[in-house]
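Q: Listed here are the chains, written in short residue letters.
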Amino acid sequence: MAEALAPGRLLDTAQRRRRRAETWAAWGLAGPATFLLFLLLLGPTVAVVVLSATDWQLGAKTLRFVGLGNYAELFADRVFRQSLGNTLLYVAITVPASVGLGLGAAMLIEARTSLQAFYRTVYFLPVTATLIAMAVVWEFLFHPNVGLVNLLLALVGIAGTHWLNNPATALYALCAIGIWQSLGFTTVLFLAGLKSVPHDLYDAAAVDGADTAWERFRRVTWPMLGPTLMFVLVIMGIRSFQVFDTVAVLTAGGPAKSTEVLLYTMYTESFHYFRTGYGSAITVVFLLFVLTLTLIQVRFLDRRVHYA
Amino acid sequence: MSEVVIDRVSKSFADVRALRGVSLGVRDGEFMTLLGPSGCGKSTLLRIVAGLEAQTAGSVSIGGENVDHRVPKERDVAMVFQSYALYPYMTVYENMALPLVMRRMTPAQRLPLVGRFVRGSAALRRGIDANVREVAASLAIETLLARKPAQLSGGQRQRAALGRAMVRHPKVFLMDEPLSNLDAKLRTQMRTELADLHRRLGATFIYVTHDQSEAMTMSDRVAVMMDGELLQVATPTSLYNDPSDLRVAEFVGSPKINVVPGVVASERTVRALDGLVAVAAEAPVGTRVRLGIRSESLTPEGADGAATFRGRTRHVENLGSDCYVHVAVDGLDVPIVARADGRRADEFGIGSAIGVACDPDRILLFDDAGKRIPARSAVARLRSHG
Amino acid sequence: MSRPGVAFGVFRHVVLLAGAAVMLAPFVWMVATSFKPPHEIFAGELTLLPRQWHAVENYGQAFTKVPMLRYLANGVFVTAAIFALQILVAVPCAYALAKLEFRGRETIFTLTLFGLLIPAHVPAIPLYVMLWKAGLLNTYAALVIPFVISVFGIFLMRQFFKSIPDELIHAARLDGLSEFAIVWRIMVPAAMPALVSFGIFSVVAHWNDYFWPLLVINSRELAPPPLGVAYFRNEEAGHDFGPLMAGAVIVTAPLVVAFLLAQRRFIEGMTMTGLKS
Ligand SMILES: Nc1ncnc2c1ncn2[C@@H]1O[C@H](COP(=O)(O)OP(=O)(O)OP(=O)(O)O)[C@@H](O)[C@H]1O
Ligand SMILES: [Mg+2]
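Line by line, the protein sequences are chains B, X and W.
The opening position of the first sequence corresponds to residue 3 in the working numbering, with each subsequent residue numbered one higher.
The opening position of the second sequence corresponds to residue 17 in the working numbering, with each subsequent residue numbered one higher.
The opening position of the third sequence corresponds to residue 3 in the working numbering, with each subsequent residue numbered one higher.
The set of hints was computed from the structure by calculation and includes no laboratory data.
Just so it is clear, CB atoms sit at the ideal spot from N, CA and C, and this is done for glycine as well.
Please note that the accuracy of each hint is not assured.
[To be verified] Only pairs whose alpha carbons sit at most 25 Å apart, straight line, appear in this in silico DSS-like list of lysine-lysine:
hint	chain 1	residue 1	chain 2	residue 2
1	W	Lys101	W	Lys164
2	W	Lys135	B	Lys63
3	X	Lys201	X	Lys89
4	X	Lys89	W	Lys164
5	W	Lys164	X	Lys164
6	X	Lys387	X	Lys272
7	X	Lys187	X	Lys89
8	X	Lys89	W	Lys67
[As the list claims (entries may be wrong)] Footprint (simulated), chain W over chain B, 3 or more residues, beta carbon under 8 Å:
hint	segment
9	43–51
10	136–148
11	162–170
12	183–190
13	223–230
14	284–298
[Claimed, not checked] Residues from chain X that keep clear of chain B, each with C-beta distances beyond 12 Å, as calculated:
hint	residue
15	Pro53
16	Gly67
17	Arg86
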């Protein structure tokens, strides 16, 4: 063993120098991204949490730490409570609707071969379209007098309303736009999920006597689609929580705060009233909701790994 | 000069000791094969020589110079990989030209589009073009230069990979199982071509394989590795006839060498199974030994004769020219395999009693740990107990 | 095929076609309206084709009343700049994470995974403050800088690079390529499919983004298309629907046409958002 020391010592210099050069190369490649990751994403996220504990106003020279003061104020604020409620309602409507309709559409599309590609394309079209432009189109469709919606309703004798200007209907109108826009997204995800169900399973189920459409769905499709369903639900939850564009362009939170949602409240508080600390607190609340949804998914995926 | 000296090289991965102090000298212009079972560390050793992996201890020198501190491209070695590792989106031509482009042209001259306007780049490109075409011609792949790797057959890919290694005339060629992705017929053909190529280039080859027939047919010398250790380095002939370790004897040669346990009975005999075999072991009486007997040193004969071993015929493998008779012997788990002329194949009835005669001159003796015991001299005599 | 089979087939098409009609209605109505003169729009009739074609006037106004071409050019420039810089930053990092061994690799990767959890709106306030302090508000830089780092891009490319065999990289090292050259000459060409998917994802996201431009841009010259449409709509106060719809068509068309031309890639690229969360 003693004789092995000589080359070992050589190694100390030459090899270590080489290894250090490799580390330098690796950091040269990964360094810029790491720096920018801190500068543009992780740092600012920490900063938001810190700012949320201050009373800072954009441009102010001084700031004071107020601890959880902003949060106390938030939850005492009627507007914020309404904003949170509206957001949750928006999520509670948009998510089940787009997931349920998407699942139905995907199963119908997948059931037969004719026009499959056509349907997939048409349903996916709104996902690629610029939402702001389409929001303007929807505003026109919802126009009280000359909008397509009311014209069609008039055909069947229903008197429409000024959908986006009526506190009773505005949020639901935005939900409709949200569902329209994301239905293609869920449909395509479910189509992928359905494709991955092995066809043998349906044959096996048929041999075992599950041969009606309902039985096939209950015994094969639904259980096999479980993971996809969970995934789509969470994704849609996170997407819906981020509703902003349609509110900002079409209703500005109105009428009577009936479409005030989290991100829009955050936007007005931070960038109209310059209450940066307060706006940061709203951001943190928003982040907590999104993280909760993500954690649900991570937990669920972990469980699946255990079962597998 | 381009000899390669590997000095007490060890390599540990997190929890695996892949190499344990391997020392090996490869002479200038030699075809050296690293032979060993899967996972014994052959590829690791080759990658350390190439500089793709850093050893944990020990050193490597090429052409008399220590290269431990050099990155792969400074070592003047070329490597051919099992998967060929051709760049999939480049043509064969571009694949072969790349090593030259990277070495001869400045970064400015290499730039896409603008590079060709940098001074001197046209002349360099012409030189590279000439080299690529010359090598392609010598490998008979000129017509394939415009194709992408996906459009080539296995053998053609193999040649393209060789071409990429050859264009820059490296001192040392390193090959990691380059033939293992080819079908059996092509593999035999490529063996001859590689051996030819080695003679033509006169360069040093280090060739890795777990296929002993590849090692035996192409190499000047073979280094047998097992479990991260080098067992023996020798020419194919002496490796086969004079193995220093039972594991080497077992790994080299097909069918596998017969191993029979025995005890040194006297100065000139060893008791094996129920018989006495006339080999003179240089070991004290009573030492437990193992006899390695190749099948061609065994001859099947009648059960009544003066046979060394007796048993029953289990199976006859008829290869046409030869046949191998598997004989189940009491006291051995595996049958003894003896060779006979192919024309005798029908003589042996399955299940019938049979004797096996042994040429004691060609018995290899190993001690209990598998190390070779030299035989003093051997007299072809044989006594048997009823 | 049996009778219930036929019945189901009919049912399937009826339901799916009805759905398709709803999905397409806004597009159809948008295009139809962009061809109509004001008095036909305000007549409130359910007709697709105009009696009197007004397309030239409507589209003409969309280009002249607001700097629509400028908006489009801004959109092209900003999305292209973002994508180019994202590649420049993310690809080398992804390669190092996938193929090199160095101290800190696990840490960087863990941080990247953390980054994936954070929605783009969260760092908005501090980023705004940073840009403001740097005097960069209301510039192209303000539109581009926050998106230069794409954790999703790093993650995606790392996964892809992991599937490229090590032998290819070893061959490249022996051929004399530096790590930097390996990234751009070997890895990037081999990763083209993944880069295209990521490109679609990135371009769609930033062409359509409204939130961030709304925060940092307040001059028309710098507005990307969504912001431009919003300006247009606010000025028209929702009255002159013909040109407004023409504007919407112009802004929506590039991506919709691209989608129709390369559907499979688009769906792949866009559903990757799924992974993002
Ligand atoms: N990067 C690595 N990390 C951890 N262990 C490794 C690594 N590379 C190789 N090993 C281990 O080192 C040992 C030797 O591997 P090596 O690839 O050299 O074997 P080999 O002789 O080339 O086998 P084969 O004939 O299958 O290619 C094996 O046990 C292997 O598992
Ligand atoms: Mg190997």
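Q: If a hint holds in the structure, say so; if it doesn't, say that too.
A: Going through the hints against the structure:
At most 25 Å may separate the alpha-carbon atoms for a hinted pair to count; lysine 101 of chain W and lysine 164 of chain W meet this at roughly 7 Å. With a CA separation close to 13 Å, the supplied pair lysine 135 of chain W and lysine 63 of chain B stays within the 25 Å bound. With a C-alpha separation of about 34 Å, the suggested pair lysine 201 of chain X and lysine 89 of chain X falls outside the 25 Å cut-off, and the hint is violated. The hinted pair formed by lysine 89 of chain X and lysine 164 of chain W meets the criterion: a straight-line CA distance of about 23 Å does not exceed 25 Å.
For the given pair, lysine 164 of chain W sits about 23 Å from lysine 164 of chain X by alpha-carbon distance, which is consistent with the 25 Å threshold. With a CA separation close to 18 Å, the supplied pair lysine 387 of chain X and lysine 272 of chain X stays within the 25 Å bound. Taken as a hint, the lysine 187 of chain X and lysine 89 of chain X pair is honoured in the structure, with Cα atoms around 12 Å apart against an allowance of 25 Å. About 62 Å separates the Cα atoms of lysine 89 of chain X and lysine 67 of chain W, which puts this hinted pair outside 25 Å; it is violated.
Using a Cβ-Cβ cut-off of 8 Å, 7 residues of the segment 43–51 of chain B lie near chain W, which meets the minimum of three, so the contact claim holds. Residues of the segment 136–148 of chain B lying with their CB closer than 8 Å to a CB of chain W number 10, which satisfies the three-residue condition for coverage. Counting residues of the segment 162–170 of chain B whose CB lies closer than 8 Å to any CB of chain W gives 0, so the stated coverage by that chain is violated, three being the minimum. Chain W is given as covering the segment 183–190 of chain B, and this holds because 4 residues of the stretch bring a CB closer than 8 Å to a CB of that chain, at least three being needed.
With a threshold of 8 Å between beta carbons, the proposed coverage of the segment 223–230 of chain B by chain W is violated, since 0 of its residues qualify and at least three are required. Remark: the segment 284–298 of chain B is confirmed as covered by chain W, as 7 of its residues place a Cβ nearer than 8 Å to a Cβ of that chain, reaching the required three. At roughly 26 Å from the closest C-beta of chain B, the C-beta of proline 53 of chain X stays outside 12 Å, upholding its exclusion from the interface. Non-interface status of glycine 67 of chain X relative to chain B is broken: a Cβ of that chain comes within 12 Å, the nearest being about 8 Å off.
Not every C-beta of chain B lies more than 12 Å from that of arginine 86 of chain X, the closest at about 8 Å, which undercuts listing it as non-interface.
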